[in-house]
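Residue numbers (the numbering used here), protein chains in the order written: chain A, 49 to 506; chain B, 49 to 506.
Among the hints, a few may not be true.
Treat identical chains as interchangeable: a pair holds within one or across any two.
Claimed, not checked - The list that follows gives simulated cross-link-like pairs (lysine to aspartate or glutamate, EDC-like), each with its CA atoms no further than 20 Å apart: (1) Lys434 with Glu159; (2) Lys397 with Asp137; (3) Lys353 with Glu472; (4) Lys94 with Glu472; (5) Lys434 with Asp405; (6) Lys254 with Glu91; (7) Lys109 with Asp277; (8) Lys254 with Glu343; (9) Lys94 with Glu471; (10) Lys82 with Asp209; (11) Lys109 with Glu343.
If you're looking for bench data, these hints aren't it; they were derived computationally from the structure.
For clarity, every value in this text was computed on a predicted model and none was experimentally measured.
2 protein chains.
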Amino acid sequence: MAVSTQLLNFLTELLGEKGVRTEADDFLPDIILKPSSTEQVSEILKLCDAAGQALIPIGGKSGLAQGIHKTGDELGLSLERMNAVEEIDVHNRTMTVQAGCILQVAVEACEEEGLLLPMDFGARGSATVGGTVATNAGGNRVIRYGMMRDMVLGLEVVLADGTVVSSLNKMIKNNTGYDLKQLFIGAEGTLGVVTRVVVRLRPLAKSQNTALLAVPDFPALINLLHYLDSSAGGTLSAFEVMWPEYYEFITRDGSNHTPPLPHGSAYYVLVETLGANAETDAYSFENMLGQAMEEALFEDAVLAKSQSERNAIWEIRDDVLELFNLGPIIPYDISVTLDQMEEFVGELKAAMADIEDSICIIFGHLGDCNLHTILGSKNPEAFDPKALGELLYGIIAHYEGSISAEHGIGLSKRDYLHCSRSEEELALMRRIKLMMDPNNILNPNKVLAAEDVAALNN
Amino acid sequence: MAVSTQLLNFLTELLGEKGVRTEADDFLPDIILKPSSTEQVSEILKLCDAAGQALIPIGGKSGLAQGIHKTGDELGLSLERMNAVEEIDVHNRTMTVQAGCILQVAVEACEEEGLLLPMDFGARGSATVGGTVATNAGGNRVIRYGMMRDMVLGLEVVLADGTVVSSLNKMIKNNTGYDLKQLFIGAEGTLGVVTRVVVRLRPLAKSQNTALLAVPDFPALINLLHYLDSSAGGTLSAFEVMWPEYYEFITRDGSNHTPPLPHGSAYYVLVETLGANAETDAYSFENMLGQAMEEALFEDAVLAKSQSERNAIWEIRDDVLELFNLGPIIPYDISVTLDQMEEFVGELKAAMADIEDSICIIFGHLGDCNLHTILGSKNPEAFDPKALGELLYGIIAHYEGSISAEHGIGLSKRDYLHCSRSEEELALMRRIKLMMDPNNILNPNKVLAAEDVAALNN
Chain A
49 MAVSTQLLNF LTELLGEKGV RTEADDFLPD IILKPSSTEQ VSEILKLCDA
99 AGQALIPIGG KSGLAQGIHK TGDELGLSLE RMNAVEEIDV HNRTMTVQAG
149 CILQVAVEAC EEEGLLLPMD FGARGSATVG GTVATNAGGN RVIRYGMMRD
199 MVLGLEVVLA DGTVVSSLNK MIKNNTGYDL KQLFIGAEGT LGVVTRVVVR
249 LRPLAKSQNT ALLAVPDFPA LINLLHYLDS SAGGTLSAFE VMWPEYYEFI
299 TRDGSNHTPP LPHGSAYYVL VETLGANAET DAYSFENMLG QAMEEALFED
349 AVLAKSQSER NAIWEIRDDV LELFNLGPII PYDISVTLDQ MEEFVGELKA
399 AMADIEDSIC IIFGHLGDCN LHTILGSKNP EAFDPKALGE LLYGIIAHYE
449 GSISAEHGIG LSKRDYLHCS RSEEELALMR RIKLMMDPNN ILNPNKVLAA
499 EDVAALNN
Chain B
49 MAVSTQLLNF LTELLGEKGV RTEADDFLPD IILKPSSTEQ VSEILKLCDA
99 AGQALIPIGG KSGLAQGIHK TGDELGLSLE RMNAVEEIDV HNRTMTVQAG
149 CILQVAVEAC EEEGLLLPMD FGARGSATVG GTVATNAGGN RVIRYGMMRD
199 MVLGLEVVLA DGTVVSSLNK MIKNNTGYDL KQLFIGAEGT LGVVTRVVVR
249 LRPLAKSQNT ALLAVPDFPA LINLLHYLDS SAGGTLSAFE VMWPEYYEFI
299 TRDGSNHTPP LPHGSAYYVL VETLGANAET DAYSFENMLG QAMEEALFED
349 AVLAKSQSER NAIWEIRDDV LELFNLGPII PYDISVTLDQ MEEFVGELKA
399 AMADIEDSIC IIFGHLGDCN LHTILGSKNP EAFDPKALGE LLYGIIAHYE
449 GSISAEHGIG LSKRDYLHCS RSEEELALMR RIKLMMDPNN ILNPNKVLAA
499 EDVAALNN
């Protein structure tokens, strides 16, 4: 079914030529609507709901779960023209921002007021605040500040029928009935379109201390995490672990990076604290690490003594694109509890070792139970992403882990959702989707299959 | 309509004599069911849903919003026999606990393992973990650790039709579809019955530093909050403000308390940090307060030098029952943004001053925007709680504040919910209630009026 010409005429009349753009694309919708106000979003949804025309809300296109891929003749709905920072409220330490604002723009606007929007991940320069809400983004500082869900105080959302639900709350405590915003955070645009966001801000840190540690074995790794979490008194903001396959490839001879620590250790951990006292925090940090060394929680360490040394360490952790030089790969994003993590990784590595030319590289946000798991093949012809996904998700299901820690479900993980969620949970999700979007116009087929939702009506 | 004898016979057969107790009560249900397992809860709900018999989930009876008051012939459903601490997982720093467990029992069980369940409020000795989830409890440490919603990682819930939805997740990051647990947290038992909870634990603090400060005016109060929030580097765990009417009455001549600071200041603030270093934190705390004094953010201070001095300060903050000696009062619980708080309090005090013999006393968790507002009359015959509530909520609506910061809506605030929520928000709440509980058996008439929910069907 193609998009109705009559509907497109109505939409062009509503949005003007500038607001309806056509661009043929193999994966994304060909026609993108670009409203400039919440009222226009509401009108678009009213028209599309009445016509049964599906829409895909599009943010910064940085998602990793095919959350904006078309599955039929969906229209795209981009909020890129609704990108204003509307208010930074220094009294209440909140920001009110339109959903299309780029995350980095929002973060920098807060910094100018001496405040911290603590959401940070690689795609900060392209991801939008609305997309960050829709996917409940995580990133590098979850261990201290939580995920996007934990930072959102209020939302303005447009429902499938065009109703605008404005809950632009700025108060930290507000127990007045159901917390509606939770429905839309992490729902990947399937239950409503987020148009405005109120985010809680924090004071900007006055000190940043960073180290790279080499750790001899997994029990030491867990003890180190617990030790630092207890000793840093609330300031621990990163505990990023690299398995040796990651660290040694990224810092190999001829790479762009000099290894700050020699190869050969079992784990490499980037540790960071964000503190309040520029004078004393460096000393406390060194002291804390000194005690951890005495307790044999790590075997070697390098402390960043300058911003450029700090950047050099983070660049090793962030240089994920370098892994594509190994061959075709897929970056998976899973969680597993800490007590089972070592066994899980062992089982996965063993299974991958049985596959000729396989690639299996692991790193991630260990403090959050979250491992980025890169699977692929050095032989492009043997690369079978479907088989790799099924292998990984089968093991994850066995360990009752999560098939998506922070990237979301989208289209690419939808058919594996049952590996992490029970039939009762899936049934309840489908009921929610059917109630919120009875004509299935909001990002259909993402998270849940349209046919499974429709089956509830029979 | 009385409870059907046939249904009661079925329930007695299911639960045994011990599981069905009758006790006449003016406010609470007369017949209380006491299941001993999730399976029994599921069977109860199946039977009641089929019979159209309403139920009120009952926790520790410490709520302040008439959340468990009967509005007809509801049965009570107490989970007091499901009170086990099932697991404290020191690797993953989680606790799995049955909903009927008393909060204080849960907190102490964690402490024995060196871990902190950071939920703390006055009724800790009677409130249950399940009730704490159902009301999204707040309390004294929200400024640092968030509300109950922020601590819950997983839930097991029984839906109205008896379906058990088990989402006992232990992982910090788990973006696999809709975050179903959010529906039940803070829904006051109207959308499902919480039977098991997984809570995130934190390391136990190694230092606690407490002070009482006298602050000259409201701008200094806000500056002090922001200064401490920035300077304490994530360790600030309480910022409890007492208006002078509160402090001076509680520490008056002949009271149980010696005033640690003289009467006559504009505000009194209890400040506390929970830190990681018993040796250096006391010095840092004094140093931080010394700088705040230099910047004239307060005019007088006393630091607790022992646990008994700390207790003496907290006992002043916690001695809310003493206020009942003033006359009949109602403890309201509201939020308002910090930039409007001074004006709001001024308007409220002025309105109350116009009422003869009125009582108006304010204190609260200022860092969370949350004020406990005690209104009443020194003349019992002139005490008109309905008029006082309407006066307060009218002013709150004008300031776009919250009529319930942490106590919930229950029955007592239900008819004022529109003061804090828009018609679109209320309509969406009703749709959710109707979908989740089509026969309206789960705590009917709480949060939303049954007739308003039923009207959606017409």
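Checked hints:
1. Lys434 with Glu159: neither (43 Å within a copy, 46 Å between copies)
2. Lys397 with Asp137: neither (49 Å within a copy, 26 Å between copies)
3. Lys353 with Glu472: neither (52 Å within a copy, 54 Å between copies)
4. Lys94 with Glu472: between (32 Å within a copy, 15 Å between copies)
5. Lys434 with Asp405: within (16 Å within a copy, 76 Å between copies)
6. Lys254 with Glu91: neither (46 Å within a copy, 56 Å between copies)
7. Lys109 with Asp277: Cα proximity of Lys109 and Asp277: none, with 34 Å in one copy and 36 Å across.
8. Lys254 with Glu343: Cα proximity of Lys254 and Glu343: across copies only (19 Å, versus 29 Å in one copy).
9. Lys94 with Glu471: Classified as between: cross-chain Cα gap 19 Å, same-chain 33 Å, threshold 20 Å.
10. Lys82 with Asp209: So Lys82 and Asp209 pass the 20 Å test inside one copy only (18 Å; across, 43 Å).
11. Lys109 with Glu343: Answer is neither; intra-copy 45 Å and inter-copy 48 Å both fail.
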